[in-house]
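J.: Here is how the chains run, residue by residue.
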Amino acid sequence: MSDSSAVANGAVAEEPHDHPSYQRHHFETVDQQFDATNFAMWIFLLTEVMFFGGLFMAYLIMRNWYYRAFVEGSHQLSIFWGTANTTVLIISSFTMAMAVWSAQTRRQRALLTFLGLTFVLGVAFLGIKGIEWHEKWVKHHVPGIHEYSEQAFLNPASDPEVYKEYHDQPLSPAMASKTEEYFFLYFAMTGMHALHMVIGIGLLVYIFFRARSGAYTNGHYTYVENFGLYWHFVDIIWIFLYPLLYLISRY
Amino acid sequence: MDHISPVLWQFLDKWLEHFSLFPPEASKIAPQMDALYFFMVLISLVGLTLVTLLIVAFSILYNKKRHPQAVQIEGSTLLEATWTIIPLGLFLVIFVWGALLYFRIYTPPPNAMNIYVVGKQWMWKIEHPGGQHEINMLHIPINEPIQLTIISQDVFHSFSIPAFRVKREAIPGRYTSVWFEATKVGTYHLFCTQYCGTNHSQMIGDVVVMSPDDFKQWLAGSTSGNSLAMDGERLFSSLSCNACHNSQPDARGPNLVNVYDSKLTLSTGQTITADDAYLRDAILNPSQNITQGYSPIMPTYQGQISEEGVIALVEYIKNLHSDYRVVETLNTTDIPPNNEQTAPPPGQKPPAQKEVKP
Amino acid sequence: MSAPTIVVLPDQSTARIPKMNFLSKENGLLSWLLTSDHKRIATLYLISITFFFFIGGALAGLIRLELLTPQSDLMAADTYNKVFSMHGLIMVFLFLVPSVPATIGNFLVPMMVGAKDLALPKINLLSWYLYIAAGCMMLYTMAVGGVDTGWTFTTPLSTHYLNTHVISAGLAVFVAGFSSILTGLNFIVTIHKMRCPGMTWFRLPLFIWSNYAASILMVLGTPVLAITLVLVVLERTVHIGVFDPAYGGDPLLFQHLFWFYSHPAVYIMILPGMGVISEVVSTFSRKRVFGYTAVAFSSVAIAVFAFFVWAHHMFIMGISNYAALVFSLLTMLVAVPSAIKIFNWSFTLYKGSVTFETPMLYAFGFMGLFTIGGMTGVFLGSTGTDIHLTETYFVVAHFHFVMVGGMLMAFLSGIHFWWPKWTGRMYPEKLSQLAALVTFIGFNLTFFPQFILGTLGMPRRYAAYPPEFQVLNVFSTAGATVLGIGYLLPVLYLTWSLRYGAIAGDNPWQATGLEWQTQSPPLTENFPEIPIMDHEAYDYEWLEKQNLARQQQEEVV
Numbered sequence: 055m056s057d058s059s060a061v062a063n064g065a066v067a068e069e070p071h072d073h074p075s076y077q078r079h080h081f082e083t084v085d086q087q088f089d090a091t092n093f094a095m096w097i098f099l100l101t102e103v104m105f106f107g108g109l110f111m112a113y114l115i116m117r118n119w120y121y122r123a124f125v126e127g128s129h130q131l132s133i134f135w136g137t138a139n140t141t142v143l144i145i146s147s148f149t150m151a152m153a154v155w156s157a158q159t160r161r162q163r164a165l166l167t168f169l170g171l172t173f174v175l176g177v178a179f180l181g182i183k184g185i186e187w188h189e190k191w192v193k194h195h196v197p198g199i200h201e202y203s204e205q206a207f208l209n210p211a212s213d214p215e216v217y218k219e220y221h222d223q224p225l226s227p228a229m230a231s232k233t234e235e236y237f238f239l240y241f242a243m244t245g246m247h248a249l250h251m252v253i254g255i256g257l258l259v260y261i262f263f264r265a266r267s268g269a270y271t272n273g274h275y276t277y278v279e280n281f282g283l284y285w286h287f288v289d290i291i292w293i294f295l296y297p298l299l300y301l302i303s304r305y
Numbered sequence: 003m004d005h006i007s008p009v010l011w012q013f014l015d016k017w018l019e020h021f022s023l024f025p026p027e028a029s030k031i032a033p034q035m036d037a038l039y040f041f042m043v044l045i046s047l048v049g050l051t052l053v054t055l056l057i058v059a060f061s062i063l064y065n066k067k068r069h070p071q072a073v074q075i076e077g078s079t080l081l082e083a084t085w086t087i088i089p090l091g092l093f094l095v096i097f098v099w100g101a102l103l104y105f106r107i108y109t110p111p112p113n114a115m116n117i118y119v120v121g122k123q124w125m126w127k128i129e130h131p132g133g134q135h136e137i138n139m140l141h142i143p144i145n146e147p148i149q150l151t152i153i154s155q156d157v158f159h160s161f162s163i164p165a166f167r168v169k170r171e172a173i174p175g176r177y178t179s180v181w182f183e184a185t186k187v188g189t190y191h192l193f194c195t196q197y198c199g200t201n202h203s204q205m206i207g208d209v210v211v212m213s214p215d216d217f218k219q220w221l222a223g224s225t226s227g228n229s230l231a232m233d234g235e236r237l238f239s240s241l242s243c244n245a246c247h248n249s250q251p252d253a254r255g256p257n258l259v260n261v262y263d264s265k266l267t268l269s270t271g272q273t274i275t276a277d278d279a280y281l282r283d284a285i286l287n288p289s290q291n292i293t294q295g296y297s298p299i300m301p302t303y304q305g306q307i308s309e310e311g312v313i314a315l316v317e318y319i320k321n322l323h324s325d326y327r328v329v330e331t332l333n334t335t336d337i338p339p340n341n342e343q344t345a346p347p348p349g350q351k352p353p354a355q356k357e358v359k360p
Numbered sequence: 041m042s043a044p045t046i047v048v049l050p051d052q053s054t055a056r057i058p059k060m061n062f063l064s065k066e067n068g069l070l071s072w073l074l075t076s077d078h079k080r081i082a083t084l085y086l087i088s089i090t091f092f093f094f095i096g097g098a099l100a101g102l103i104r105l106e107l108l109t110p111q112s113d114l115m116a117a118d119t120y121n122k123v124f125s126m127h128g129l130i131m132v133f134l135f136l137v138p139s140v141p142a143t144i145g146n147f148l149v150p151m152m153v154g155a156k157d158l159a160l161p162k163i164n165l166l167s168w169y170l171y172i173a174a175g176c177m178m179l180y181t182m183a184v185g186g187v188d189t190g191w192t193f194t195t196p197l198s199t200h201y202l203n204t205h206v207i208s209a210g211l212a213v214f215v216a217g218f219s220s221i222l223t224g225l226n227f228i229v230t231i232h233k234m235r236c237p238g239m240t241w242f243r244l245p246l247f248i249w250s251n252y253a254a255s256i257l258m259v260l261g262t263p264v265l266a267i268t269l270v271l272v273v274l275e276r277t278v279h280i281g282v283f284d285p286a287y288g289g290d291p292l293l294f295q296h297l298f299w300f301y302s303h304p305a306v307y308i309m310i311l312p313g314m315g316v317i318s319e320v321v322s323t324f325s326r327k328r329v330f331g332y333t334a335v336a337f338s339s340v341a342i343a344v345f346a347f348f349v350w351a352h353h354m355f356i357m358g359i360s361n362y363a364a365l366v367f368s369l370l371t372m373l374v375a376v377p378s379a380i381k382i383f384n385w386s387f388t389l390y391k392g393s394v395t396f397e398t399p400m401l402y403a404f405g406f407m408g409l410f411t412i413g414g415m416t417g418v419f420l421g422s423t424g425t426d427i428h429l430t431e432t433y434f435v436v437a438h439f440h441f442v443m444v445g446g447m448l449m450a451f452l453s454g455i456h457f458w459w460p461k462w463t464g465r466m467y468p469e470k471l472s473q474l475a476a477l478v479t480f481i482g483f484n485l486t487f488f489p490q491f492i493l494g495t496l497g498m499p500r501r502y503a504a505y506p507p508e509f510q511v512l513n514v515f516s517t518a519g520a521t522v523l524g525i526g527y528l529l530p531v532l533y534l535t536w537s538l539r540y541g542a543i544a545g546d547n548p549w550q551a552t553g554l555e556w557q558t559q560s561p562p563l564t565e566n567f568p569e570i571p572i573m574d575h576e577a578y579d580y581e582w583l584e585k586q587n588l589a590r591q592q593q594e595e596v597v
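Chains as they are written, first to last, in this note's numbering: chain A, 55 to 305; chain B, 3 to 360; chain C, 41 to 597.
Next up, chain A with everything else stripped away, as it sits in the complex:
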């Protein structure tokens, strides 16, 4: 009954491919493939926005309720390192954009250079984050584990470095205990962001080696472009985190 069998048999015989080797067979044209995969990455980033959104919601509410604890908690963070990290990430976004351009214009050497620079900057970011976290660990400001200490908030003078800069008022015990909430959110948010950085750096290494074998300078720059989108997104998340966590009392 089916006449599709006649046509089906025709499809079995291998026909010469008149499309680039990197075009997948379920797409009709290369443009459709680029378009679809690009769109897919944007949708994925939308899901990431919703994912971080939950954290931002929790932060919003807690900061509203415990403003003074959040202010004094944020004074414990180093503006120097935070700004350094922000700069590092913004520059890495630039180098990533340059990498995408290099791939689009088929400049393999430039592509590798910029990918390499992005990698270095990404690792630098994680290194600085490590320094900051270590500092928190040493000062017993890691919530829940490792004997969280409220001393610096009950008696700010006991922490001369921070006190010199901010001259904080001592917090009441009730409010001082809320600084632990601030640090919980600090670690949850920067931790989740750092996890996304680690994944990004891992993918970056993979892309670097693929770029070395010429995979992206033959016109098929989609992966680099889509990865660039991801990298920019992770950067933007940090650009929100930075003022929310570090700059609470600095308008």
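The hints are simulated quantities; they were obtained by calculation from the structure and are not laboratory data.
The beta-carbon is built from N, C-alpha and C at its ideal position, and this holds for glycine as well.
Take these hints with a grain of salt, some might be off.
DEER-style ranges, computed between Cβ atoms [said to hold, decoys possible]:
1) A:Val252 to C:Leu179: 48 to 58 Å
2) A:Ala138 to B:Pro112: 58 to 68 Å
3) B:Met139 to C:Leu114: 25 to 35 Å
4) C:Leu69 to B:Leu63: 52 to 62 Å
5) A:Pro224 to C:Tyr201: 28 to 38 Å
Computed list of lysine-lysine pairs in DSS-like fashion (alpha-carbon distance at most 30 Å, straight line) [said to hold, decoys possible]:
6) C:Lys162 to C:Lys65
7) B:Lys67 to B:Lys186
8) C:Lys391 to B:Lys67
9) A:Lys218 to A:Lys193
10) C:Lys65 to C:Lys233
11) B:Lys122 to B:Lys186
12) C:Lys233 to B:Lys66
13) B:Lys67 to C:Lys585
14) C:Lys585 to B:Lys66
15) A:Lys183 to A:Lys218
16) C:Lys162 to C:Lys233
17) C:Lys59 to C:Lys162
18) C:Lys59 to B:Lys67
19) B:Lys66 to C:Lys391
20) B:Lys127 to B:Lys186
With chain A held as given, fit chains B and C onto it using these hints.
T.: Just chains B and C now, with coordinates in the frame of chain A:
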């Protein structure tokens, strides 16, 4: 009846005796809620009948044998509008009606008798202001508005009295409230309806509605002698609240006489009403709730006092209309021990408080 | 007398399953486990989902057995709590959420839009592996003792008051969520970017519209659940977090975040089922769905409104009265598009040519039971009655009516409807009609008494209950036995049909979708060449012309 086996008869009898489609209507709001409920049952039946009729009728009239050729119809804007607007209209009516009921149930009248409920895994602790404590039982008088102030001391629970058609979540960390007025003497179920762990299904009890006289009798017979306010006074002193809240001119803490339900300006500039929630918060989170003009030096009592203790303190402050006893306790070295208090006459305030002149 | 039927089968003495099809293309385990063919992935999903359905169903059986008697005598209260928690987790996350999209959706979406595969075939395979990983984690959780938080992970119970396996259960749900997100993402991209020439949005089958709407919900809502579970897991490990009032956190924050996903989740579960019903009702009335545009837009409307009603799960939890008002109003609004669909489907029968094959029977069951389920949702959406009915068996009955009476019936309708396309074989019609009837009866007997139990006040999640509730519980358990038989039968006869069923041919139902214009089972690449869509959806006149043309061609030959 002798052809029916005894087992079957037992089953039928049990069923007929207990057969009911809704719980007894034992509160003022119950018939009102049932009215809306039955209205919705009616609408649902009409809707279901309509849909079933359409399906059955069309299936019979237009089945393949009878109607072999289908007529392609795009649609009908008129019909679409009809079955959009009519359901929407009905749903909006239901919404308004339901909203009225909701506000009614969750807005206690000012003169309601207040009873405290503390939920914990896995029991309900009920505290009458006169000092009567119950576990999993709630005795109340008929025809009197009663407000329950509910809190949990661990996880979410939910206080439910189906016969009254009321239910309210017991949340750790904040008070919730609901009110009702019982209209029928009897004993009714009390359930915990929010899953709370292993013995969630054991967290049930009875609500006993009594005539006013029976209730007075019960109150007299069940009290330990100390009202909640008296327990609160005891705590006020033992926790050294009176060290700062001592009504002296140079006191470090604000005067608490008549503070309940008054308007307070906080140090943030905000003006709030000092209700139960505020008082509880002020004891457990004082740093958020400093009265204007005072320093934020009050320590938090979080972790040092149980929910019942907080309730006792709140009751004490609610009934504080004179600082006479506060000043007294500053001057005395000890507080009369428990058993020297005589039980107050039923329905009257305990004798110790009679000395307090406004 | 035999009932009229629209089934047109090829001559059974000469008909054969086409030699070259997606099932026969390559053999061997690896060709299945490393496949990128959406149809094979759909088959893998179908097998795994059925497996988890029966585990969840067995747990339901245990629940109903326990509830035969008022005392907690079959198992300890702790065990019962674990049984209903695992039942909920498995049924919601491992069955209902993926059911139609991951099986029927994966199978059909590319074919219905006229494409060779989904936009991201490897991501599709990844989503199946994530599903299996989630399933294994869930089984692990059960094996090491289960979790007893309920499927809702309510804090602070789940963060500080239980020593059961909350973390592994939470992570299982997290992974299942990612599987769901990837499926939704794939559908959205495919529907946007891979429609064949001539396939405008309003020529798409309504199944596509429904799955599109559900995919939006999957993509936007599931990540919020993911982060909420991460926070719960963190709070459990670190012993401090944002949900614990003792440290200044807020347990209601958890409720808001959890329900922000879990309410859209129920629409993720029902919308694809509604898509199936549109296809089935149209085919078995030989008519275009009445009010195509209205049905298409109502799917999108449901998806949009779904995000604004979450706090109707929290009316008694101490949210402000005015907030409750707003959410109640929005809940009433979200109920309207569903009502519109029911009426549109009913009127599709008007002046049609109706037959009563099994998929149509399930569709009728859906329409009746979903009407009841949906109306009882209004009972709960109205704040005044919600106070009395929430957290009782009324809620349990409501969601089982929409999920089991609704969604599961739609799933079975779809499985039967597309079985010939999927396998090339027909299922046994009489037996399946009997199974549909048995399911319908069993379902009503199981769940209708629960409405009454809820109105009477019987709370949910109770291992033991006051004796006066026993009679209705006994009815419910009796019904559950019948229902179980109704679900077992399809597994048996569908498996039987793989070997012994009649050969179906390309288009046994004479339906109009693009998927019916290719062979059964389809080729791996679906179409020998990409079709061109030159007619409206559900164009039965076009189909007749096609058949006529083919007949004439065969006569000439």
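J.: Does Lys233 of chain C sit within 30 Å of Lys65 of chain C, going by the straight-line distance between their CA atoms?
T.: holds (27 Å)
J.: Below or equal to 30 Å on CA atoms is what counts here, so check Lys127 of chain B against Lys186 of chain B.
T.: holds (23 Å)
J.: Check the hint pairing Lys122 of chain B with Lys186 of chain B against an upper bound of 30 Å on the C-alpha distance.
T.: holds (29 Å)
J.: With the threshold set at 30 Å, check whether the alpha-carbon distance from Lys585 of chain C to Lys66 of chain B stays at or below it.
T.: holds (20 Å)
J.: Within 30 Å, alpha carbon to alpha carbon, are Lys59 of chain C and Lys162 of chain C?
T.: Roughly 26 Å separates the two Cα atoms, so the pair holds.
J.: For Lys233 of chain C and Lys66 of chain B, compute the direct alpha-carbon distance and say whether it is at most 30 Å.
T.: violated (39 Å)
J.: Is 28 to 38 Å right for how far apart the beta carbons of Pro224 of chain A and Tyr201 of chain C are?
T.: holds (34 Å)
J.: Assess, step by step, whether the Cα of Lys391 of chain C is no farther than 30 Å from the Cα of Lys67 of chain B, and give holds or violated.
T.: Roughly 13 Å separates the two Cα atoms, so the pair holds.
J.: Given the hint that Lys67 of chain B pairs with Lys585 of chain C, test it: the Cα-Cα distance must not exceed 30 Å.
T.: holds (22 Å)
J.: Given the hinted pair Lys162 of chain C and Lys65 of chain C, is their alpha-carbon gap at most 30 Å?
T.: holds (18 Å)
J.: Sort out whether Lys233 of chain C lies within 30 Å of Lys162 of chain C, counting only the CA atoms.
T.: holds (17 Å)
J.: Against the 30 Å threshold, does the CA-CA distance of Lys59 of chain C and Lys67 of chain B hold or violate the hint?
T.: Violated: Lys59 of chain C and Lys67 of chain B sit about 37 Å apart, past 30 Å.
The structure shown violates the earlier hints numbered 1, 7, 12 and 18.
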